[in-house]
Amino acid sequence: MFRSSLLRQVSRASTTAIRPPTSAFAAASPCSTTTPLRLFTTTPSHKDKTPLDPTEQLTTAGEPGASEHEGRFARTDESFTFEHPDEPNMPSSAPVQGRGGFHFRRTLATFTLEDKVGLVTGGARGLGLVMSQALHLSGADVAIVDLNKEEAQKQAQNLMDTFRAENPGADHVPQVTAHYCDVANPDSVTACINECIAAHGKLDHLVTSAGFTENFDAISYPYDRMQKLWGVNVDGTYLFATGVARHLLERKSPGSM
1 MFRSSLLRQV SRASTTAIRP PTSAFAAASP CSTTTPLRLF TTTPSHKDKT
51 PLDPTEQLTT AGEPGASEHE GRFARTDESF TFEHPDEPNM PSSAPVQGRG
101 GFHFRRTLAT FTLEDKVGLV TGGARGLGLV MSQALHLSGA DVAIVDLNKE
151 EAQKQAQNLM DTFRAENPGA DHVPQVTAHY CDVANPDSVT ACINECIAAH
201 GKLDHLVTSA GFTENFDAIS YPYDRMQKLW GVNVDGTYLF ATGVARHLLE
251 RKSPGSM
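The sequence shown begins at 1 in the UniProt record's numbering and counts up one residue at a time.
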């Protein structure tokens with residue numbers, strides 16, 4: 001028993017000798033004793049921000065007009081308005097190209113959509129046109145669906161002409177067709193899907209890119225325009241997704257929606 005007590009006393013003495021005094025540690029440490037030391041990060045602290053803090057100026061946390069940073073028009077500014085033209089008056093879009101021009105070459109040599117058919121709603125402009133271009137570039141036949149069929153026909157021809165120019169002597173040029181549809185109308189959607197299947201024999205891929213937005217305050221958004229926006233942006237996606245899904249199930253096609 002005496003031996004065990006002696007060992008404990010020796011252990012306490014050695015620990016006290018090794019540990020520095022609390023006052024000495026506090027004097028040597030630059031950090032406050034009330035703030036825990038975070039050794040797992042090297043991110044600089046921004047506790048003492050000043051009005052000239054460059055990090056603050058590059059965010060939307062600053063006061064409106066405080067600096068020329070991106071996103072300043074994202075705030076509600078009654079002096080900034082934009083009139084969206086009607087569908088027939090929307091400007092035409094051009095296929096996306098890099099600085100060196102068009103390059104209809106596969107990004108991945110092992111990736112192909114040959115013998116596949118893709119349907120793109122809102123495919124005559126903007127992101128929808130880019131999606132149509134990407135599918136076509138990868139070898140898929142494409143059905144461009146748009147409220148403006150004339151613009152869809154123009155873009156369909158442009159895509160095929162560009163493919164031929166970039167691939168002279170190609171044995172097969174993926175086909176691109178144009179189709180009219182009011183995506184918010186169930187009957188129009190059903191008729192369009194049937195028309196696309198009749199033109200291409202099947203459907204394998206669906207991209208719902210039809211959509212629009214308008215410049216209204218959230219609290220004063222006209223109800224009839226909100227119904228229109230919901231019909232195109234939400235109902236249109238639902239109607240095409242379920243319509244194409246039924247076609248895929250009938251074909252027993254593998255995949256997911």
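Treat the hints as calculated values from the structure; they're not laboratory data.
Remember, predicted model here, so these are calculated numbers, not experimental data.
Treat the hints with care, since some could be wrong.
Claimed, not checked - Estimated spans, in silico, between C-beta atoms of each pair:
{"no.": "1", "residue 1": "Ala198", "residue 2": "Ala241", "range": "14 to 22 angstroms"}
{"no.": "2", "residue 1": "Asp224", "residue 2": "Ala191", "range": "18 to 26 angstroms"}
{"no.": "3", "residue 1": "Gly201", "residue 2": "Ala165", "range": "22 to 30 angstroms"}
{"no.": "4", "residue 1": "Gly169", "residue 2": "Met257", "range": "20 to 28 angstroms"}
Backbone N, C-alpha and C fix where the C-beta goes; we use that ideal spot for every residue, glycine too.
Verification of the hints:
1. Ala198 with Ala241: 14 to 22 angstroms: holds (20 angstroms)
2. Asp224 with Ala191: 18 to 26 angstroms: Holds: the Cβ-Cβ distance is about 25 angstroms, inside 18 to 26 angstroms.
3. Gly201 with Ala165: 22 to 30 angstroms: holds (27 angstroms)
4. Gly169 with Met257: 20 to 28 angstroms: violated (38 angstroms)
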